[in-house]
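Protein chains in written order, with the numbering used here: chain A, 1 to 303; chain B, 1001 to 1347; chain C, 2001 to 2285.
Keep in mind that a hint or two might mislead.
What the hints assert, rightly or not - Calculated cross-link-like contacts (lysine-lysine; reagent style DSS-like; alpha-carbon spacing at most 27 Å): (1) B/K1178 / B/K1145; (2) A/K64 / B/K1335; (3) B/K1340 / A/K64.
No lab work stands behind these hints: they were computed from the structure.
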Amino acid sequence: MKNNHKAVSYNKWGYIFLIPFVVVYVIFQLIPLFTTIYNSFFENFMSGLKQVGPNFVGFQNYAKLFSEGDIWVYLQNTMIMWILGFVPQIAVSLLLGAWFSDTMLRLRGQRFFKTVIYLPNLIMASAFSMLFFALFSDGGPVNTILVSMGILKAPYRFFSHVWSTRALVAFMNFLMWFGNTTILLMAGMLGIDTSLFESAEVDGATSTQVFFRITLPLLRPILVYVMITSLIGGLQMFDVPQILTNGTGDPMRSSMTLIMYLNKHLFNKNFGMAGALSVILFIVTGILSLIVFRFSGNREKTR
Amino acid sequence: MLTRTTWMLSFPAMKKLRLTTDVVVTETIADLGITEDELANQFQYTKDIVTDSEGNLRGLSWQGCPGVLIYNRDAALDVWGTEDPEQVQTMVASWDTFNKSAEELAAKGYKVVSTVNDTYRVYSDNATTPWVIDGKLNIDDNIMKWVEDSKALVDAGYTDTFELWSDDWAKGFFPDGKVFCYFGPAWLINFSMHADEEGSIANLGRWGAVEGPQGFSWGGTWIAAAKGTDNKALVADIMRKLTIDETIMTDIVKADNDFVNNKPAMEAAADDDSFAFDVLGGQNPIGMFVAGADKIDRSAMGDYDQGCTEEFQNAMKNYFDGNATLDEALDLFKKGVSEKYPELTVE
Amino acid sequence: MEGKVKSKGVPIGVRRIIAYAVLILISILCLFWFYVLFVNATRTNSQISSGFSPVPGTNFAANWSNLVHGTLPIVQGMLNSFIIAGGSALLCVYFSTMTAYAIHAYEFRLKKFMYTFILAVMMIPTQVTALGFIKLVQKLGLENNFVPLIVPAVAAPVTFFYLKQYMDSNLPHELIEAARIDGCGEFRIFNTVAFPLMRPAIAVQAIFTFVSSWNNYFTPALILHKDNVKTLPILIAQLRSADFLKFDMGQVYMMIAFSIFPVIFVYLILSKNIVGGVAVGAVKG
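With the rest of the complex left out, here is chain A:
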């Protein structure tokens, strides 16, 4: 920097250029956050056209969430559907990433495949879900094909069974995200020093051994990063199960996620319960974010 006098007079521009971000953030994120926390301590809902509350009730909303609110059930549902989608996602992404970054394999048409696998990431989740709802209905194309091929004797009621509904949600999540993960992991793999691979080859290692003994361990930081960010995303699961089950999470609410539950309260204008649930979600994602943040910070240092 130039002499102090000049540097200071320019540096105030740093503050000036930050103003838009700060102002908008305060208005649309910070203030709503405080409002949400504030509301969580009040009983506040609509009874027909009349409003009950707001009456201060302390932690009653929180207590209700855990005792009557089945919050554990919805957390479980969310986690199950996340894991069901994430495990194939990571496995397939690792496989594809390894293939794409393998210079010896020299796969052709990589650009085509990458374009195709990333495509679902950009699809409107609600439209995608509506599509699957139509396709997998009792008389829909999927059943028609399976029956005509003789794989099924009668149409399978995908939406009348707990695990098939959950599997469809997980499958859609997988489709929408595995392309993104593949590209991420591929970039990570490309960043690995090729001399490691060369010396391993000289030692006579098979590609499988190379993958499990060299690539994977070196990828561990990225894998952890991907897992936690995916988890944070998973906790926000909403569009797909909401549209698929029309907000019911049926059968028996087995596909109802935390955000669907939040949406229900917001829709019913039960702001007390919605507030409490939001605060809990905030705390959980806040902790997870901190972990990612710390983690990325460490990665920065080791570079």
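Got chain A; can you put chains B and C on it based on the hints?
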């Protein structure tokens, strides 16, 4: 100014209107200068629905929506050798005979109804107690009867658990769907059964109508005057023309195969063959509608109907599909109601 | 040690075949649904009811016409979605660049704090403040208004981060100094020197922000209640729950197609940039 609710929305529209009448956004009919006497030819239930809590009538309808059982003529021929309405009615005159017939129909590969939700409205319209009594949730016996009967039908494979209006539900409108009957009013017959599509049963005119086990109603359109309107005279005139004038209302029936809110006109039409419905193979169902409309009793209607119905049908689907016991499904229903209406007592 | 016959494992040729087979299978898994969507959007309701067909029908125009003249305000919905997404994309990239520039080009006391703060809140989902958002919008009287859906795009930590990374390797301080010597004001330097330089990164981020906003269901649904302001995702949810609209499956498929294919179309044109952008972000992140 006139406000109009779309005629296909049933509970949502009616609920909205009742709420708005209570919150007074409409003029009373009396204030518009239309007298009780002028409305004498209308069916009582159309007036009951839009009467506010103080007894003031706030809207008028030109439509009557009594429902009938609409049966697949070819299915009846196949199973019982007759498609004559009188004969068919004996097969479905009560829920007991209806359920028995389901067995006979199944033997020939037909589902008695497309989904359990087809019959729901018939049971619920004949409920004598409302969903909420003194702030407490209540389930009428007739509705529990629907659950019982439906579970038996589903378990035996005589029907399915589709959502109304879904693609699967609509398959029965075509011969391949192999569904015996639907329940619905005039507008279902001429609007919802895919009459314009080649190959549908409606297009071939192969439906028939009978009263079925119980009467019911579904939907309707009401017109009301916005409060504070400057056009009271104009509004009143429009209302008179649409909901009282016999000539105009009869024309509506001729043109749209609709059923209008004018008893004498409809009684006359019942005997007049020019009012026959093509979809019903030339049958004139108006007499049945008249009989049905008189019997409709909507006094048990309440503000919580739509929400409770929705939660109830969703919850019961789990029981029908075998994903929950009856108690678990009822618990789910109660939970849904208490989330929607936290002010109610639910035990 | 593995009990493999060859010391080098499976031969390259076989591995390549396996890879291609798997990739083709996965590609089918990704694309099949959209193929069926396309086919069914061109057929009539009775054709769809009668079963699956790999051959498209001829009812495209009719389905489209019915949809547009039907009960759902679909064209208006697309317009609404477009306005909100476009506005968000524009505001987001411009002001995220500005924020990144602030951190990149200047030294000031709160710089480290701000940077850390933005990174820290980057991953917190906006849904947790949904309740407060609703209340704020009501208080400002902005229900059924697009403003609360566009303006918040100004504060986008993820975009900021991506652009900051890009700036680190593409916007040398010397350039800024040089412009200052030339007598440029700070604001002008940002607009005429820094911003244009960021074009590739901005293009990628604009696309991502646009798509993300276009697809967003939860947030707009909180405040858009009148039919003429609803966005496409909200209309789709309405389609799912409303009875009489699922009448004509040709229309339903057409509506879904209408929400999905424009994005696919634009994506295919820009795919190199988009996929490339993700990869760059991956390396930097």
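Hints and how they fare:
1. In summary, the hint linking B/K1178 to B/K1145 is supported, as the alpha carbons are separated by about 25 Å, within the 27 Å threshold.
2. For the proposed pair A/K64 and B/K1335, the alpha carbon gap of about 13 Å is at most 27 Å, so the pair holds.
3. Distance restraint check for B/K1340 and A/K64: the Cα-Cα separation of roughly 15 Å lies within the 27 Å cut-off, and the hinted pair is therefore satisfied.
In this structure, every one of the numbered hints holds.
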